[in-house]
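*Asks:* Sequence:
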Amino acid sequence: MAAQPSRLLARSLRQCRTNPTRLCSVESPAPSRARQLHSAARSSALTSTSSSHRPRLPLYTRPSIPGPGKRTIFIQTEDTPNVDALKFKPNHRVLPESFPNTFLEFLSPRSTLAPPHPSPLAAQLMNVEGVTSIFYGADYITVTKESGQNWAHIKPEVFSLITEAVTSGQPIVTSSGDRADGSQAPIEEDSLAYDENDSEVVSMIKELLETRIRPAIQEDGGDIDFRGFEDGQVKLKLRGACRTCDSSTVTLRNGIESMLMHYIEEVKGVQQVMDEEEEVALREFAKFEEKLKAQKGEQAVASTGGKGTLDAAE
Numbered sequence: 001m002a003a004q005p006s007r008l009l010a011r012s013l014r015q016c017r018t019n020p021t022r023l024c025s026v027e028s029p030a031p032s033r034a035r036q037l038h039s040a041a042r043s044s045a046l047t048s049t050s051s052s053h054r055p056r057l058p059l060y061t062r063p064s065i066p067g068p069g070k071r072t073i074f075i076q077t078e079d080t081p082n083v084d085a086l087k088f089k090p091n092h093r094v095l096p097e098s099f100p101n102t103f104l105e106f107l108s109p110r111s112t113l114a115p116p117h118p119s120p121l122a123a124q125l126m127n128v129e130g131v132t133s134i135f136y137g138a139d140y141i142t143v144t145k146e147s148g149q150n151w152a153h154i155k156p157e158v159f160s161l162i163t164e165a166v167t168s169g170q171p172i173v174t175s176s177g178d179r180a181d182g183s184q185a186p187i188e189e190d191s192l193a194y195d196e197n198d199s200e201v202v203s204m205i206k207e208l209l210e211t212r213i214r215p216a217i218q219e220d221g222g223d224i225d226f227r228g229f230e231d232g233q234v235k236l237k238l239r240g241a242c243r244t245c246d247s248s249t250v251t252l253r254n255g256i257e258s259m260l261m262h263y264i265e266e267v268k269g270v271q272q273v274m275d276e277e278e279e280v281a282l283r284e285f286a287k288f289e290e291k292l293k294a295q296k297g298e299q300a301v302a303s304t305g306g307k308g309t310l311d312a313a314e
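Residue numbering for the sequence shown follows full-length UniProt numbering, beginning at 1 and increasing consecutively.
For the record, the hints were derived by calculation from the structure and aren't laboratory data. Worth double-checking, as some hints may not be accurate.
Stated by the list, open to error - Straight-line distance between alpha carbons at most 30 Å, and here's what the computed DSSO-like set of lysine-lysine pairs gives: (1) 293 to 268; (2) 206 to 287; (3) 235 to 206; (4) 89 to 206; (5) 237 to 268; (6) 206 to 268; (7) 89 to 268; (8) 206 to 237; (9) 155 to 237; (10) 235 to 155; (11) 237 to 296.
In this text the structure is predicted, and so the values were computed from the model without any measurement.
Full structure from sequences and hints, please.
*Replies:* Structure representation (structure tokens):
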């Protein structure tokens with residue numbers, strides 16, 4: 001039986017010699033079953049041994065850090081025509097979407113806590129030394145300072161307070177309808193909003209102010225309030241950076257008045273209106289200036305009289 005594979009191999013070689021065009025394949029005898037079992041047993045033994053003794057590193061899982069997600073903020077500053085007012089623009093909405101007006105202004109520390117729309121951020125900003133008023137637009141904050149103060153000392157603290165307020169996730173403006181005495185606080189709505197009771201001329205004035213004039217004033221860090229139309233005079237109030245700007249009179253006369261008179265023939269002029277608080281403040285400031293002038297005059301007279309007395313003594 002052992003010689004049979006040799007005879008088969010020799011026969012195949014003779015056939016290839018006699019017919020060279022025929023493709024010949026020589027099949028080697030199949031390995032014995034014992035050899036196959038031996039190879040399989042050897043490979044399985046190696047595999048099991050290597051896998052059982054190979055050291056494995058434990059899986060590393062990154063620990064989760066509890067707490068709210070961080071919010072990135074970028075605050076851009078823009079100059080305004082008023083050198084004492086600066087516009088801060090965070091990448092975050094300042095006024096709520098449903099806010100009834102296009103702006104919100106705080107002229108005193110007390111107003112920042114008064115209903116119907118107190119603002120903790122405005123209260124903190126008003127406590128910064130040198131800051132006189134805070135103005136909120138839809139997506140910007142205008143800070144006005146005293147003339148004698150330097151922005152280099154005010155800006156870092158303003159940046160810090162705005163960043164803290166935005167990253168905290170708390171609303172910048174809140175709603176509180178009741179006053180301390182329990183009465184309902186009035187909600188100031190947009191003065192340029194459509195009113196079906198307005199006359200045709202007033203509607204035209206509002207539309208022109210809304211579409212042509214308000215965007216330019218908002219770009220300068222302020223806003224405009226319509227206070228009425230009477231005897232050909234349009235009564236307006238400038239807000240924000242434009243309220244204390246030295247060129248506010250020029251803005252009213254050359255910009256707003258000329259445009260309204262050009263498009264609406266019923267308009268004869270524009271008047272700037274001030275609130276009662278502002279009028280009181282102006283009167284107090286005028287009294288203070290008069291007092292300073294009187295004191296300087298007395299000091300000048302006293303010093304001159306003193307010199308005259310000394311000269312006479314000599």
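*Asks:* Does residue 268 lie within 30 Å of residue 206 when you go C-alpha to C-alpha?
*Replies:* 16 Å, holds
*Asks:* Straight-line Cα separation of residue 155 and residue 237 no greater than 30 Å?
*Replies:* This hinted pair holds, its Cα atoms lying about 27 Å apart.
*Asks:* Verify the proposed pairing of residue 237 with residue 296, using a straight-line Cα cut of 30 Å.
*Replies:* 35 Å, violated
*Asks:* Would you mind confirming whether the straight-line C-alpha gap from residue 89 to residue 206 stays at or under 30 Å?
*Replies:* With Cα atoms ~27 Å apart, residue 89 and residue 206 stay inside 30 Å; holds.
*Asks:* Residue 206 and residue 237 were given as a pair; does the straight-line alpha-carbon distance stay at or below 30 Å?
*Replies:* 13 Å, holds
*Asks:* Is residue 89 close enough to residue 268, meaning Cα to Cα at most 30 Å?
*Replies:* Outside the cut-off at roughly 37 Å; violated.
*Asks:* For residue 206 and residue 287, compute the direct alpha-carbon distance and say whether it is at most 30 Å.
*Replies:* 37 Å, violated
*Asks:* With a cut-off of 30 Å on the C-alpha distance, tell me whether residue 293 and residue 268 pass.
*Replies:* 39 Å, violated
*Asks:* Keeping to a limit of 30 Å between CA atoms, is the pair of residue 235 and residue 206 held or broken?
*Replies:* 12 Å, holds
*Asks:* Regarding the pair residue 237 and residue 268, is the alpha-carbon distance no greater than 30 Å?
*Replies:* 17 Å, holds
*Asks:* Take the C-alpha atoms of residue 235 and residue 155, compute the straight-line distance between them, and say whether it is at most 30 Å.
*Replies:* 34 Å, violated
Violation of the numbered hints given earlier is confined to hints 1, 2, 7, 10 and 11; the remaining hints are satisfied by the structure.
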